[in-house]
Amino acid sequence: MSDLTAASFAPLSDQQPSQVIARPSLSYWQDAWSRLQANRRALVSLYIVIGLLLFTVFGPVVWPVDPAMQDIDQISQPPGTDRTATLVADYEPWFGTSGLPGTGLRLAEKATSQAVRLQWDAVDGASGHRVYRNLFPIGPELSYGIPMAEFLNNDTLYFEDRLDLQPGRFYYVVVALDERGLITDRYQSISVDVERVTTRTEALERGLITESNAVQIGDKITLAWHPLGTDYLGRDLLARLMAGARVSLFIGIGAPFLFVLFGVVYGSAAGFMGGRIDQLMMRFADFVVALPFLLFMILFKIAFGIGPGESGVFPMLVALVVLLWPATARLVRGQILQIREQGYISASELLGASTPYLIMRHMIPNTLGVVLVTVTFAIPSAIFTEAFLSFIGMGVAPPTPSWGSMSNEGIKTMLTTPHELFFPALFISLTVLAFNLLGDGLRDALDARMRNVE
Amino acid sequence: MWLYILKRVLQGLLTVWFIATATFFAMHNVPGDPLTNDRAMTETTRANLEAKYGLDQPITTQYLIFLRNLARGDFGISFVQENREVNDIIREHFPVSAILGVLAVVFAATGGVLFGALTALYRNRLPDYLIMFLVILGISVPSFVVAALSQLSLVSLNTLVGFTVLPVAGWGTVMHMLVPALVLGLSTMAYLTRLMRSSMLEVTSSDYVRTAKSKGVPPTRIFTRHQLRNAILPVVTVLGPAIAAITTGGFVVELVFAIPGLGRYFVEAVQQLDYTVIMGTTVFYGAFLVFMVILVDVVYGFIDPRVRLDS
Chain A
148 MSDLTAASFA PLSDQQPSQV IARPSLSYWQ DAWSRLQANR RALVSLYIVI GLLLFTVFGP
208 VVWPVDPAMQ DIDQISQPPG TDRTATLVAD YEPWFGTSGL PGTGLRLAEK ATSQAVRLQW
268 DAVDGASGHR VYRNLFPIGP ELSYGIPMAE FLNNDTLYFE DRLDLQPGRF YYVVVALDER
328 GLITDRYQSI SVDVERVTTR TEALERGLIT ESNAVQIGDK ITLAWHPLGT DYLGRDLLAR
388 LMAGARVSLF IGIGAPFLFV LFGVVYGSAA GFMGGRIDQL MMRFADFVVA LPFLLFMILF
448 KIAFGIGPGE SGVFPMLVAL VVLLWPATAR LVRGQILQIR EQGYISASEL LGASTPYLIM
508 RHMIPNTLGV VLVTVTFAIP SAIFTEAFLS FIGMGVAPPT PSWGSMSNEG IKTMLTTPHE
568 LFFPALFISL TVLAFNLLGD GLRDALDARM RNVE
Chain B
4 MWLYILKRVL QGLLTVWFIA TATFFAMHNV PGDPLTNDRA MTETTRANLE AKYGLDQPIT
64 TQYLIFLRNL ARGDFGISFV QENREVNDII REHFPVSAIL GVLAVVFAAT GGVLFGALTA
124 LYRNRLPDYL IMFLVILGIS VPSFVVAALS QLSLVSLNTL VGFTVLPVAG WGTVMHMLVP
184 ALVLGLSTMA YLTRLMRSSM LEVTSSDYVR TAKSKGVPPT RIFTRHQLRN AILPVVTVLG
244 PAIAAITTGG FVVELVFAIP GLGRYFVEAV QQLDYTVIMG TTVFYGAFLV FMVILVDVVY
304 GFIDPRVRLD S
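The listed protein sequences correspond, in order, to chains A and B. Each number in our numbering comes from the position in the first sequence (counting from 1) with 147 added on. Each number in our numbering comes from the position in the second sequence (counting from 1) with 3 added on.
Be aware that one or more of the hints could be misleading.
Between beta-carbon pairs, the in silico distance windows are [as the list claims (entries may be wrong)]:
no., chain 1, residue 1, chain 2, residue 2, range
1, A, E358, B, T167, 54 to 62 Å
2, B, L9, A, I424, 23 to 31 Å
3, B, T167, A, L254, 34 to 42 Å
None of these hints come from the bench; they were simulated from the model. For each residue, glycine too, the CB sits at the ideal point set by N, CA and C.
Produce the complete structure using the sequences and hints provided.
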């Protein structure tokens with residue numbers, strides 16, 4: 148305190164500015180945007196969301212493959228598999244080859260994806276045979292696989308398999324049957340490596356070759372390219388993911404948008420009117436909240452009824468809106484009640500502001516941040532709900548693809564072809580993750596009270 | 004206190020009535036009717052059956068009959084399995100779902116509190132990052148994928164060890180319950196971990212913790228007596244809705260793990276359009292959830308003396 152002199156008490160010059168504005172004044176939204184940009188996680192999520200939207204909207208333009216088209220030469224193929232096929236002559240019926248060399252169960256000719264032709268010698272003491280096919284070796288517990296054919300005499304000693312043949316290894320077993328037609332423990336087995344072929348007619352139909360091409364029977368041709376592989380019906384997974392994204396994101400973004408809109412209208416009406424009407428309106432909202440959500444989603448779905456040829460997207464949208472609006476209504480009502488008591492509202496009223504002006508200038512901008520955060524968090528849960536319902540077969544109707552129904556189809560073949568489950572699950576997870584992180588970022592940027600909680 | 008509980012129970016009954024009404028009218032709106040099936044039926048048979056089930060009555064009468072039966076606790080007889088009462092079906096399948104749900108809630112709550120406290124203690128260090136990464140994964144990956152993956156890893160585990168460590172599917176012993184309950188509780192656990200973490204961080208920077216520290220209270224005692232006890236309260240509040248989410252979210256886990264619970268039965272009933280079973284199950288679940296939430300609220304009043312239930 149010793150350095151205080153008389154000069155310290157001299158009045159300041161009037162010319163000196165007493166206050167300097169160091170930074171430009173930022174509006175609420177500018178401030179929020181700069182906060183969001185500073186949040187790296189949220190920004191990356193925003194880019195992912197934009198990328199997903201581009202994928203959904205422009206994907207089918209870049210990759211114009213029909214998601215319903217079946218490529219029966221490439222069924223359940225993971226991405227990056229060999230796409231070559233040998234051109235063969237058109238199919239002709241076969242009734243066994245007489246004088247085939249060799250003994251036991253053997254191939255009559257090279258096994259192709261068109262047909263596997265098997266022939267065998269009668270098993271000792273058998274009065275008939277049953278043919279099985281399996282994807283795995285027999286093993287010690289004698290698991291034969293799927294029964295393919297049964298012959299209750301010893302005359303037919305050949306079998307032609309044309310059922311869903313894919314390149315790869317198959318195990319065939321011929322088991323002897325006793326006179327009562329029951330299986331015995333005597334069998335012959337063979338492992339068969341199936342080669343992919345396509346017939347000339349088929350290749351022409353698909354545009355893989357043209358009439359003028361000098362492609363001969365026995366030449367190698369390249370089949371259509373599927374970047375993410377194909378599903379169990381030979382449909383292009385990438386095209387289906389794009390079409391599925393349209394359904395999943397339409398429900399995922401459309402439903403939250405609609406129910407938040409309804410909730411805002413309902414909640415602000417209740418908050419504005421107050422008193423008995425407010426009590427009554429909120430009581431009703433409480434009732435709707437109490438409805439068991441998933442059960443009612445399913446109930447509404449069957450109540451709407453999906454006619455033949457309909458996708459069931461619309462009923463699901465409506466059910467989501469009907470069941471999920473109360474949370475937003477409650478939130479907005481609370482906000483409105485809070486804002487109504489604020490000093491700036493009274494000040495504005497004193498200055499002669501009309502009610503519409505108050506709503507437009509103060510109420511809506513001040514609730515918009517909270518509402519935006521609600522929408523962002525509602526999107527992942529809506530996407531989850533759609534996926535969940537489609538997964539248990541209560542969602543969109545086949546053949547309309549959605550990420551949930553694709554997962555449902557993929558999970559059945561999860562052991563042999565995991566890519567059919569992996570890609571839709573990846574897209575669901577990525578979308579949900581991006582919207583959740585974006586929501587976190589938006590909440591931090593927009594909602595001053597929630598700031599720095601984490 | 005008792006007045007509050009009585010008030011809540013009466014409100015709960017009103018809510019159950021609303022659920023029942025919504026269920027009745029939703030089901031009434033379903034295209035077709037319970038007598039439309041593949042069995043050929045003459046006009047007389049049809050009329051007789053309609054009279055038997057009261058389907059020839061106007062809808063208001065049907066609704067009153069439905070409410071009267073409901074008040075008696077009678078959900079009727081299954082339309083598909085005609086010798087089974089809906090009450091029997093619920094009595095048989097609900098305990099399975101309930102055990103699974105309770106186990107899942109226990110997993111979710113203990114895991115959520117434990118991991119949440121850990122992340123707050125090790126804030127911005129490796130355990131925090133690791134657990135929060137797993138939490139984000141738990142929130143973002145759909146339950147059916149987690150269920151499928153856990154089944155897959157169980158299969159490989161069992162083949163690797165050479166005997167069945169944990170069964171892949173089915174129901175019966177405690178061993179059957181562990182993995183499904185864990186999968187069912189996983190997303191709730193992730194949510195509770197996040198909640199516990201932020202609530203714990205808030206408590207850590209509070210005045211009473213600082214006071215306790217400056218008084219020289221040992222850190223473990225501060226942790227158990229002050230931080231944990233106070234931070235756990237928000238977790239208890241969301242436990243009611245969490246129980247709701249877990250018990251009704253059991254469909255997928257029950258389907259994937261082949262567990263004979265009520266959720267799976269409900270899905271089957273919907274596929275077969277078994278009217279009475281669908282209505283009975285929905286009303287039953289709704290009532291269960293309503294009273295679960297009330298129970299949690301009342302319990303909360305006991306744990307937190309600051310909350311006054313009477314007002």
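Status of the hints after comparison with the structure:
1. A:E358 to B:T167: 54 to 62 Å: holds (60 Å)
2. B:L9 to A:I424: 23 to 31 Å: Given a distance of about 27 Å, which is inside 23 to 31 Å, the answer is holds.
3. B:T167 to A:L254: 34 to 42 Å: holds (39 Å)
Of the numbered hints given earlier, the model fails none.
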